[in-house]
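Quick mapping for you: the protein sequence lines, in order, are chains A and B. Under the working numbering, the residues of the first sequence are numbered 147 to 403, in order. Under the working numbering, the residues of the second sequence are numbered 147 to 403, in order.
Read the hints as simulated data drawn from the structure, not as lab findings. One or more hints might be untrue.
No distinction is drawn between identical chains; accordingly, a pair holds when it is met within one copy or between any pair of copies.
In silico lysine-lysine, DSBU-like type, Cα no more than 30 Å apart, as pairs [said to hold, decoys possible]:
1. Lys302 - Lys152
2. Lys350 - Lys396
3. Lys210 - Lys322
4. Lys350 - Lys334
5. Lys302 - Lys209
6. Lys322 - Lys396
7. Lys302 - Lys334
8. Lys152 - Lys210
9. Lys334 - Lys396
10. Lys152 - Lys350
11. Lys322 - Lys350
Number of protein chains: 2
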Amino acid sequence: MSINRKPLILITNDDGISASGINQLIESVRPLGEIVAIAPDSARSGMSSAITAIHPLRLNLVKKEENLTVYSCTGTPVDCVKLGVNEVLRRKPDLLIAGINHGSNAAICVIYSGTIGATLEGCICGIPSIGVSLCDHSPDADFTQAAQYGRIVAEKVLTDGLPQGVCLNLNIPAGKEVQGLKVCSQTKGYWAKEFQLMQDPLGKTVYWLTGEFVNEEPDNEQSDEWALNHGYAALVPLQINLTAYRFLEKMRESYEL
Amino acid sequence: MSINRKPLILITNDDGISASGINQLIESVRPLGEIVAIAPDSARSGMSSAITAIHPLRLNLVKKEENLTVYSCTGTPVDCVKLGVNEVLRRKPDLLIAGINHGSNAAICVIYSGTIGATLEGCICGIPSIGVSLCDHSPDADFTQAAQYGRIVAEKVLTDGLPQGVCLNLNIPAGKEVQGLKVCSQTKGYWAKEFQLMQDPLGKTVYWLTGEFVNEEPDNEQSDEWALNHGYAALVPLQINLTAYRFLEKMRESYEL
Chain A
147 MSINRKPLIL ITNDDGISAS GINQLIESVR PLGEIVAIAP DSARSGMSSA
197 ITAIHPLRLN LVKKEENLTV YSCTGTPVDC VKLGVNEVLR RKPDLLIAGI
247 NHGSNAAICV IYSGTIGATL EGCICGIPSI GVSLCDHSPD ADFTQAAQYG
297 RIVAEKVLTD GLPQGVCLNL NIPAGKEVQG LKVCSQTKGY WAKEFQLMQD
347 PLGKTVYWLT GEFVNEEPDN EQSDEWALNH GYAALVPLQI NLTAYRFLEK
397 MRESYEL
Chain B
147 MSINRKPLIL ITNDDGISAS GINQLIESVR PLGEIVAIAP DSARSGMSSA
197 ITAIHPLRLN LVKKEENLTV YSCTGTPVDC VKLGVNEVLR RKPDLLIAGI
247 NHGSNAAICV IYSGTIGATL EGCICGIPSI GVSLCDHSPD ADFTQAAQYG
297 RIVAEKVLTD GLPQGVCLNL NIPAGKEVQG LKVCSQTKGY WAKEFQLMQD
347 PLGKTVYWLT GEFVNEEPDN EQSDEWALNH GYAALVPLQI NLTAYRFLEK
397 MRESYEL
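Sequences are here, hints too, so could you generate the full structure?
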């Protein structure tokens with residue numbers, strides 16, 4: 147980033163442009179640079195890294211103030227990032243922040259989360275990227291501490307950058323004084339009992355997604371769930387290269403033809 | 147898997163239950179066990195690991211023959227896997243195969259692909275899982291070699307299993323005799339020039355996703371793009387834990403509060 151110009155910060159989320167979380171994030175990081183927010187026009191939770199190819203997207207200018215421009219988009223969180231980078235911004239942003247998500251994106255939620263989808267997409271585009279989530283789903287959650295921690299991490303990333311191919315997943319516990327910040331690994335676990343069966347008005351069975359998270363390593367003090375359960379903000383570095391490198395050699399021996 | 151019963155194989159895809167790829171996959175692996183296919187009722191390409199939480203899902207029995215049951219589902223590829231594991235199957239499958247996808251899922255496409263979303267979901271559920279893709283988008287592509295390689299890998303995985311948290315991404319080149327199978331890493335790269343601008347009938351600008359893949363390591367002979375470009379089937383082991391472990395210590399020093 148040039149020393150003469152303000153950092154350019156791209157902000158998005160998966161709860162939609164009207165959500166409290168993204169608006170409190172914008173206010174918190176606004177002093178750090180020029181902000182462009184491009185977010186879905188309504189909630190796109192659980193959209194992971196989904197992209198829209200089957201129909202075209204629309205982009206609508208919501209507001210333009212000094213150092214703040216806000217757009218809504220008809221697509222997914224990743225679509226928002228792609229539109230920002232390809233069509234809206236005149237240069238590559240110095241930072242991308244997705245959030246503040248209404249609800250945890252710790253553990254295996256990174257796989258399903260639209261917030262993390264957008265964060266990974268920023269990383270793919272070569273932008274230092276952070277996903278920020280508060281462990282509280284309510285629309286009127288108290289984002290004060292999440293915004294503070296988000297800004298601290300954002301300032302650090304603006305100064306130091308991030309390794310190529312690595313982005314950050316920051317989760318903040320809700321309903322208590324945050325004890326500090328821990329750098330963690332993604333907790334091993336999965337969701338179980340995932341559907342509630344219901345009858346539609348015609349009496350046909352339908353399946354509504356729900357579920358319980360099963361923590362497979364509750365005693366791992368390095369894991370993000372442990373940190374959150376003990377009152378710490380949890381910061382996990384994530385990578386966009388999914389290759390399981392440590393099995394490559396063994397697999398070569400048994401699979402190559 | 148018990149020695150006395152046939153392997154239970156869950157099959158899904160992201161091109162929809164009517165696609166040629168999934169039906170040729172089913173025929174190819176049918177001799178290996180009891181097949182249950184649960185796939186989206188129409189195309190869900192680019193859905194990544196998206197899940198449907200905002201409305202309930204429907205599951206429709208398409209056909210039931212000896213050792214083959216086929217359902218269509220109104221949800222995403224990951225929804226199909228979750229419904230299979232939670233609601234349809236009486237025990238955990240011995241194998242999940244997603245595909246055969248119409249089009250490559252090599253390199254960074256693993257992040258966006260619904261086929262790989264379903265494969266990662268199988269892995270999350272503890273099922274040895276394989277995504278199979280043919281580098282040809284056409285609806286009437288020739289899946290013969292893809293089906294052969296898919297079956298070879300499926301048989302190997304049924305015999306040997308896979309390490310916990312690791313699944314397989316198999317891509318097969320199109321339009322030529324496959325030279326063999328190489329175990330590869332995910333090629334570093336990204337998509338550029340991603341939108342074609344159009345006018346809607348009222349003259350408003352809309353953005354349609356397209357793009358060109360940029361290979362950042364075209365000479366890496368270990369990468370999946372290199373293998374595919376040289377006529378080999380490419381097999382990449384993928385992991386569901388995205389933690390960038392090699393940066394954990396360094397990050398602890400600079401980020402912990």
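Here is how each hint holds up against the structure:
no.	hint	verdict
1	Lys302 - Lys152	within (15 Å within a copy, 55 Å between copies)
2	Lys350 - Lys396	neither (49 Å within a copy, 55 Å between copies)
3	Lys210 - Lys322	neither (36 Å within a copy, 53 Å between copies)
4	Lys350 - Lys334	neither (36 Å within a copy, 47 Å between copies)
5	Lys302 - Lys209	within (28 Å within a copy, 57 Å between copies)
6	Lys322 - Lys396	between (47 Å within a copy, 28 Å between copies)
7	Lys302 - Lys334	both (28 Å within a copy, 26 Å between copies)
8	Lys152 - Lys210	within (17 Å within a copy, 63 Å between copies)
9	Lys334 - Lys396	both (23 Å within a copy, 22 Å between copies)
10	Lys152 - Lys350	neither (57 Å within a copy, 32 Å between copies)
11	Lys322 - Lys350	neither (44 Å within a copy, 48 Å between copies)
The structure fails hints 2, 3, 4, 10, 11 (numbered hints given earlier, in ascending order).
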